[in-house]
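**Student:** Going down the list, the protein sequences come from chains A and B. Numbering-wise, the first sequence is residues 17 to 191 according to the working numbering. Numbering-wise, the second sequence is residues 5 to 102 according to the working numbering.
One should not assume that every hint holds.
Pulled a few chain A residues facing chain B out of the computed Cβ check, cut under 10 angstroms [unchecked claim]: (1) 19; (2) 85; (3) 88; (4) 90; (5) 176.
If you are wondering where the hints come from, they were derived from the structure by calculation, not from laboratory data. C-beta atoms are modelled at their ideal positions from N, C-alpha and C, and glycine is treated no differently.
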Amino acid sequence: MIDNPIIFYPSAVLIILFAIVTLFARNIIYSMLSAIIVFFFGALFFYVLGSEYNAIIQAAIYGLAVPIIIGISIMFCSPYSKKEKAEGKNKFLTPYLTILSGGIFLLAFIYLVLMSLAMNPSTFHYLGNLQVNSFDTIWTFAKGIFINYVWAFELISLLLLIVIAGFSMLKRRGI
Amino acid sequence: MMYNYLFIGLLLFIIGLLGSMFVKNMIKVLISIEFMLLGININFVTFATYCDNINFDGYIFALFYIGIGAVELALALYLFYLMYSKKQSDNIEKYSDL
């Protein structure tokens, strides 16, 4: 586990900022790209917290696979029609969003500077009293998945199988 | 430091909740639901790291949630595609007659 404020605070500000940008972006592609950044920062948080396996899964599924699915669905649907573009929705929201984002960045910067001034240099290093051994983590992962929660694991496998079969059936029926 | 991580998880959950309630675009609603799941997962991992340093149950739960969330998103996008082919719009207000 890396308990480092220099990593945490900028990441925290950026993840919240990009989450807000995802909701308010006019172009759905920008929204999707912001969502990818949020998911990667989530993976970073998992890694910093000592769960490397979850970080890899998060980056692989939410950072790569899910955006591909979303991108394909955007490509098939092309949600922003010319009519909606011509209406110019959220036209008056952009200045407020810019001011809000700039304010958040400014507050985060001031807070970071104040924190770095007041911080003890020893906190830049790994904490000695709270460390997660990577090998122990993987071992407990395996123990949790294959011993403690094996029924939940099998149930999720069954769920994934049902989803795949359902997709193929829907496709065969031509829905 | 633990409360900072929990606070970030809470903020992500609130952003996702507000987005799923008030945003009109269907794809953004689905992404907002994923933000809620991400916030929950951050809280799970945080509690597992700081409070359950032996079994790491929170890591396992987060792993399950990631898998289920990806499946849910794939299903939801397929349903959205089916609905879009009939409605020709991504505005969720036009999907009220399900």
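**Student:** Broken hints, numbered, in rising order?
**Tutor:** none
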